[in-house]
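Undergrad: The chain contents come next:
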Amino acid sequence: MRALRRWWPLVGPSLLVIAVALGAQFLPLSTQLQVRSVLVTTVIVVALYVFVGNSGVMSFGQVSFVAVGAFAAGLAAAPAAVKPNTFPKLIPFLAELEIGNIESLVLAAAVGGLFAFVVGIPLMRLSGLSAGIATFAVLIITNNVLRNWEAIGPGAKTLSLIPQTTFFIQATVGLLIVMAVAYVYQTSRNGRRLRASREDAAAAQSSGIDIHRERLWAFTLSGVLGGFAGGLLVHQLGSITTQQVFLDLAFVTLAMLVVGGIGSLWGAVVGALLIAGINAFLAEAQRGITIGSFDLELPGGTRLLTLGVVMLVVLLFKPTGLTGSRELTWPFSRSRSPRIASPAEPLGSPSAKAAGRSEADGGDPSATEQ
Amino acid sequence: MSLVQLLIDATALGAVLALVAMGIALVFGVMRLVNFAYGELITVGAYTLMLTKGWPIVLRVLASFGVVIALSLLMELVFRPLRRATAATMLVATFAVSFLLQNMFLLIFGPQGETIEFLAPLNRAIEIGDLRIRWITIVAIVLGAALLGFMAWLLGKTSVGLQMRAAAADFDTARILGVRAGRVIALAFVLAGFLAAAVTLVLAVQRPLATPTYGFFILVPALVGVVVGGLGKLVPATLGGFGIGFMTVILGDVLPSGSRVFLNSVLFAIVIIVLLVRPDGLFIGRTGVAERV
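Sequences listed follow chains A and B, in order. 220 is the number that the working numbering gives to position 220 of the first sequence; each next residue is one higher, with no gaps. 36 is the number that the working numbering gives to position 36 of the second sequence; each next residue is one higher, with no gaps.
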């Protein structure tokens, strides 16, 4: 019981994920496909959270690791018989390679992690908006290279014929693994050091924490998980283009994280399941669905519009996200622990002058980055 | 292409992006808000020009200024509850607005794009020796210089300008000294809208096809320029916007034609290097409080 309680912030969200996956079994097939994509999206958001949530540094770049992972897994798993014909410029090693499902997922994770590590060495020295823009630059470069360098990828063409192995089991198990890694990391010594630096960089540094090293750790881990997510994604879709893992995905996953609550695993899971869920529901509704006794058919285009409204409304009324960036608390405790002031703020203001701005909130967020 | 020709073309794009950059920096200065929805102001201006096709030029210009500034004020109203929210929340809220507006345009006007038909004759070129300069290039440079001059005057020589600079430097102290916060922020949004509308006029001639992402693809490089130049201050941010536009054109010419598809990679690699060397901004002196760890 005590162990369960201690691990509740991981167990609770995991139960929710399992419930969603099991519940989907009773739904029509087309909805099941949507739920599967919701689960994979959640993997991406949790991977994003591992870096952004724990470090408080904004990053648009995590999607580049998803992209690299997706193309690594996709290219490696696509049948060797057709690759040389479809992509004549591919280097022979890649053209002849054909590996299985699990191997390709491992490969995706490794490539994502390696890429994140190399990129992270210089980039992790930055904070605030400079870090945001620098990681954004990484995303642009990644996309530009993948799209145009035909020796290592499909270029502007669609990479297809990838075995579709991400069914419910793989999506759910993959998500549970990623969540477990995220939780173990955030409660580990390294994770706590990084979270300390998020709260107060100066205090953390003076306590002997090497912020650059801790951020690099988290960035690399986030790259591993992001690459893995990319592998799951490509095996779910079966075919992929570089534009599917670019700006839109980066913005949408970041929005999911912030809507859920940027500083907690629970927030990442709730935000992703909710927003991706609404998205999937509306996509179905545009095609026409029956709820109970009445038929709902939305005009095309309402999906993204509604999504925008939902995100905006949540942020206006709950600026710290739906979960308030708190982990899920044990529901059966007798005395409720006092609420702690809202956790620190990611993406610090780039100028110390802004620091005093949010004092009225109680805990001051933006001052912590300096 | 001759060097002079190249420099003129680079200056023209630089001038447009400098105006966009200034609009972003104005709002950031008083509110610490990076407005991703700024590009949609330009899009709305373009659609207004498109919808008013048959009207006299003056009315079309006035209409687009009116609509753009109105939308800018509406954005201020939406972001008002977030003034004290964290930077990440504000940023994502502006994404949401941008996303919302883009999809609204998509729903109303469709993805294909509509021709704007605004002052198309300005696309004709005059030839001086071997130079070919389009009229709109001259207009862009002159308009850019004039507006930057106007803004410099407004911010440097007038009382409201002083208040805005004070608010940008230290918002709370400025309020204590009697600067009206709401008014200053609203004014910043009006000026930002004004600049966006001005940019639209130039763009509508250069790129006569209005699409839902019309402004977004101008915003992205400008925003990068703003951060590279130095987000906290107006002049560095504006210079950054100019620099990005200028560099894009120069790189497009300098790179061998085979590798021109990698222009973005080279450009953004330069961005990363600049950020690593000067994280506070290229045009901001070393302050000693650079955000590096």
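Please note that the accuracy of each hint is not assured.
[To be verified] Within a straight-line C-alpha distance of at most 20 angstroms, the following computed SDA-like cross-link-like pairs (lysine to any residue) qualify:
#1 Lys89(A) x Lys157(A)
#2 Lys89(A) x Leu62(B)
#3 Lys89(A) x Ser257(B)
[Unchecked claim] Derived contacts from chain A toward chain B, CB cut-off under 7 angstroms, selection only:
#4 Val20
#5 Leu22
#6 Ala24
#7 Leu129
#8 Ser130
#9 Ile133
#10 Asn144
#11 Ile177
#12 Leu249
#13 Phe251
#14 Ala255
#15 Val258
#16 Leu304
#17 Leu312
#18 Pro319
#19 Leu322
These aren't lab readings, by the way, just hints derived from the structure by calculation. Just so it is clear, the structure is predicted and the values come from calculations on it, not from any experiment. The beta-carbon is built from N, C-alpha and C at its ideal position, and this holds for glycine as well.
Undergrad: Would you mind marking each hint as holding or not holding in the structure?
TA: Checked hints:
{"no.": "1", "hint": "Lys89(A) x Lys157(A)", "in the structure": "holds (12 angstroms)"}
{"no.": "2", "hint": "Lys89(A) x Leu62(B)", "in the structure": "violated (53 angstroms)"}
{"no.": "3", "hint": "Lys89(A) x Ser257(B)", "in the structure": "holds (19 angstroms)"}
{"no.": "4", "hint": "Val20", "in the structure": "violated (24 angstroms)"}
{"no.": "5", "hint": "Leu22", "in the structure": "violated (31 angstroms)"}
{"no.": "6", "hint": "Ala24", "in the structure": "violated (27 angstroms)"}
{"no.": "7", "hint": "Leu129", "in the structure": "holds (5 angstroms)"}
{"no.": "8", "hint": "Ser130", "in the structure": "holds (4 angstroms)"}
{"no.": "9", "hint": "Ile133", "in the structure": "holds (4 angstroms)"}
{"no.": "10", "hint": "Asn144", "in the structure": "holds (4 angstroms)"}
{"no.": "11", "hint": "Ile177", "in the structure": "violated (27 angstroms)"}
{"no.": "12", "hint": "Leu249", "in the structure": "violated (13 angstroms)"}
{"no.": "13", "hint": "Phe251", "in the structure": "holds (5 angstroms)"}
{"no.": "14", "hint": "Ala255", "in the structure": "holds (5 angstroms)"}
{"no.": "15", "hint": "Val258", "in the structure": "holds (4 angstroms)"}
{"no.": "16", "hint": "Leu304", "in the structure": "holds (4 angstroms)"}
{"no.": "17", "hint": "Leu312", "in the structure": "holds (4 angstroms)"}
{"no.": "18", "hint": "Pro319", "in the structure": "holds (4 angstroms)"}
{"no.": "19", "hint": "Leu322", "in the structure": "violated (12 angstroms)"}
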